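Here the protein sequences come in this chain order: A and B.
Per numbering that gives the first Met the number 0, the very first residue in the first sequence carries number 0; after that it's consecutive.
Per numbering that gives the first Met the number 0, the very first residue in the second sequence carries number 0; after that it's consecutive.
Treat the hints as calculated values from the structure; they're not laboratory data.
Everything numeric in this text was worked out from a predicted model, so none of it was measured.
Don't be surprised by glycine CBs; every beta carbon is placed ideally from N, CA and C.
Treat the hints with care, since some could be wrong.
As the list claims (entries may be wrong) - Some chain B residues close to chain A (C-beta under 8 Å, calculated; not the full set):
{"#": "1", "residue": "L21"}
{"#": "2", "residue": "N137"}
{"#": "3", "residue": "F238"}
{"#": "4", "residue": "Q246"}
{"#": "5", "residue": "A249"}
{"#": "6", "residue": "A287"}
Letter by letter, the chains look like this.
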Amino acid sequence: MKKRRLFRRREKKLNRSMAGNTLLFALMFVCGLAMVLPLVMVINNCLKPLDELYQFPPKIFVKNPTLENFADLFTMMSTSWVPFSRYVLNTIIITGGGIVGHVIIASMAAYPLAKHKFPGKNLLFSMVVLSMMFSWTVTQTPQYMIISWLHINNTYLALILPACAFGMGLYLMKQFMEQLPDALMESARLDGANEWQVFWKIVMPNVKPAWLTLAIFQFQQMWGNTGSTFLRDEELKPLQYALQQVSAGGMARAGAAAAVTFIIAAVPILFFLVCQKNVLETMTSSGMKE
Amino acid sequence: MAKKTQPGASGSRAQGNVQNTLWYQIKRNRASYLMLAPYFILFFFFTVLPVVMSMALSFTSYNMLELPEFIGWKNYIKLFLEDDIFMKSLKNTMILAVVTGPVSYFLCLLFAWIINEFKGWMRAFLTLIFYAPSICGNAYVVWNLILSGDRYGYLNGILLELGILDEAVIWMKTEKYVLPMLIIVQLWLSLGTGFLSFIAGLQTVDKTMYEAAALDGVKNRWQELWYVTLPAMKPQLMFGAVMQITQSFAIADVSIQLAGNPSVNYAGATVVTHLLDYGTVRFEMGYASAIATVLFLLMVGTNKLVQMLLRRVGE
Numbered sequence: 000m001k002k003r004r005l006f007r008r009r010e011k012k013l014n015r016s017m018a019g020n021t022l023l024f025a026l027m028f029v030c031g032l033a034m035v036l037p038l039v040m041v042i043n044n045c046l047k048p049l050d051e052l053y054q055f056p057p058k059i060f061v062k063n064p065t066l067e068n069f070a071d072l073f074t075m076m077s078t079s080w081v082p083f084s085r086y087v088l089n090t091i092i093i094t095g096g097g098i099v100g101h102v103i104i105a106s107m108a109a110y111p112l113a114k115h116k117f118p119g120k121n122l123l124f125s126m127v128v129l130s131m132m133f134s135w136t137v138t139q140t141p142q143y144m145i146i147s148w149l150h151i152n153n154t155y156l157a158l159i160l161p162a163c164a165f166g167m168g169l170y171l172m173k174q175f176m177e178q179l180p181d182a183l184m185e186s187a188r189l190d191g192a193n194e195w196q197v198f199w200k201i202v203m204p205n206v207k208p209a210w211l212t213l214a215i216f217q218f219q220q221m222w223g224n225t226g227s228t229f230l231r232d233e234e235l236k237p238l239q240y241a242l243q244q245v246s247a248g249g250m251a252r253a254g255a256a257a258a259v260t261f262i263i264a265a266v267p268i269l270f271f272l273v274c275q276k277n278v279l280e281t282m283t284s285s286g287m288k289e
Numbered sequence: 000m001a002k003k004t005q006p007g008a009s010g011s012r013a014q015g016n017v018q019n020t021l022w023y024q025i026k027r028n029r030a031s032y033l034m035l036a037p038y039f040i041l042f043f044f045f046t047v048l049p050v051v052m053s054m055a056l057s058f059t060s061y062n063m064l065e066l067p068e069f070i071g072w073k074n075y076i077k078l079f080l081e082d083d084i085f086m087k088s089l090k091n092t093m094i095l096a097v098v099t100g101p102v103s104y105f106l107c108l109l110f111a112w113i114i115n116e117f118k119g120w121m122r123a124f125l126t127l128i129f130y131a132p133s134i135c136g137n138a139y140v141v142w143n144l145i146l147s148g149d150r151y152g153y154l155n156g157i158l159l160e161l162g163i164l165d166e167a168v169i170w171m172k173t174e175k176y177v178l179p180m181l182i183i184v185q186l187w188l189s190l191g192t193g194f195l196s197f198i199a200g201l202q203t204v205d206k207t208m209y210e211a212a213a214l215d216g217v218k219n220r221w222q223e224l225w226y227v228t229l230p231a232m233k234p235q236l237m238f239g240a241v242m243q244i245t246q247s248f249a250i251a252d253v254s255i256q257l258a259g260n261p262s263v264n265y266a267g268a269t270v271v272t273h274l275l276d277y278g279t280v281r282f283e284m285g286y287a288s289a290i291a292t293v294l295f296l297l298m299v300g301t302n303k304l305v306q307m308l309l310r311r312v313g314e
C-alpha cells in the first residue's frame, strides 16, 4: 500500500501501462546503481580507518567504520591560524552574496527580455547566450585585469560581482518566464501594479522551480571556489580553501582528507535536497492556467 | 506599438514620426531598461569586456610578461596550417561532441521525464542519485579505480575473471581505447545542468493539458510526451540544447583526469586541452585566445543548426 503513494497519477492511470512502467523503472534502477557509485564511495571513505584507506587493492565498502577522521579534521581546524568560524563566515558571505545577488538581478533582467518589447532586446539576449560559448580559461586573464582596475581585488566583491554576471542564470530565468501566460501579468497591471510589483509578486512566485534550480547551480559554483586568485588575506578566504589545504597535506592527513571530501560533497547535497523538494510543490497551488 | 500615445499626438504626421524614433522608444520603455541595468552593467564588465579583450588578444603574441604585440592573422594561420595536434584535437572534439551531445541530451530528458512520475522526498532523492556525479566532486577517482591499468582495476578484474582478457589492459594508455572510454565517462557525467532544468521544466507543464489530450485521443505515454509535454517545455529544451553544446564542445577535464595531458599520442586531446596547454602551461595567451575564438565560432554554428531542429518538436 505504501508503494502506491509513490506514483502520482496511479489512481487515474492516465495513459500509463504496467509494462511501460516496469520497463522504465527497471532501466532507471540499473542506471541509478552506476550513478550513485561516487556518492557511496565518498560516504564509505570518510568512515574508513587509515589502514583501510591505504588498502591495496582498494575496496569500496568500509569494514570497521570509525569517526576518527572527523575528530582529526576537527583538531586540525581548531589549531589553524585563522579561526575556523571565520572561514565559515567568509563562505556564507561569498556564497550567499553570489546566489542571492545573481538570482535577483538575473531574474530582474530576464523579465523584460521575456515579456517586454523594446529596442535592443534581441541584441542583449543573444549576447548573453553567445557569452556562454566562449572558453572561460582565456577570459580569466582579462577578468583579472578588470578586477584590478576596479580596485576590488582582495575583497569579497571580487568573487561576488563576476558571479552575478554569469550568462546561464539569465538564460534559464528568461526561458521559464517566457512560458507564463501574458494574461497573468495583464490582470495585475489592471489592478494598478507597476512593473516592479508585477515582477516581484506575480512573475517570481510563478517561476519558483526555475530560481530554485538556478540557486543549486550557483551554490555549486560559489561553494567550489577557493578564491585564491583574487583574495590575498587569509582572513577573507572561504572554507573551501581551508579544507583543500588540509587535503593537500599528503599521506599523514589522508584520513582528514577523506573527511574533507565528504564535507565538500555533503553541504551542496543538503542544499540540493532542500531546493529539489520545493521545486515540486510550487505549481500545484499557484493556479497558473491560460 | 503606438497604441498608448496621448490623444493629442495623433494629429500631425511629423509628430507621429517623433514617436517612432529610437529615443522615444527608449524613454517609453524606461522601466524595462531600469530592470535590465544592474545585470547588464556587471555583465558588460565581467563577461563582455573579457571576451572582447580575449578576441583582440588572439591577433597578438602575448606571454603575460611583456606587452602584447600585434601579429595579425598569424595565430590563426599557424593553427590551421602548422599545428597537427590542433587538427587531431579538433577531430577528437568533433567525435566527442557529435556522439555525447545528442545522446546525453536524450538521456537527460528521459531520466527527468521518468523521475517526474514520483513526488516529494522520493523524487528529490532520485534526482540526487542521478545528479550525484555532478555534485560529489570525486567522480574521476571512481573511474580511475575502474579503469586502472593493473589487474586490480575493476574492469580488468571482471574481464580477466570471465576469461575475455588474458592479461590486464592499460585502458587509458592504449590509443584505441582512449576515445571510447572518454565517451562512456562523459555520458555518465552528463546528467547535469540540462537534466535539472528539464526536471524543473516538467513541473511547469499544466496538468489539465494531459486530461484534455487524453480526450483528444492521445493513447499512450509516448504520444503524450511528443504532443503535450515536449511542446509545452520548448523553452527548456532550447536552454538544455545550448548547455549541451557548451558542455560537449568543451570536454577537457575528463580527458585530463583519466588520460593525462598530453595523453598518449594525443589520443585524448581535445580543443580545450590544447587550449589549456597553451594558456596555462606555455603561457602563450595570444595563441590560446585564437583557439578559444575558433571553438566559439564552432559552437555558435552548431547552436544555429540545433535551434533550427528544435523548432520542429511536436509538429
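Cross-check of the supplied hints:
no. : hint : result
1   : L21  : holds (6 Å)
2   : N137 : holds (5 Å)
3   : F238 : holds (5 Å)
4   : Q246 : violated (10 Å)
5   : A249 : holds (7 Å)
6   : A287 : holds (5 Å)
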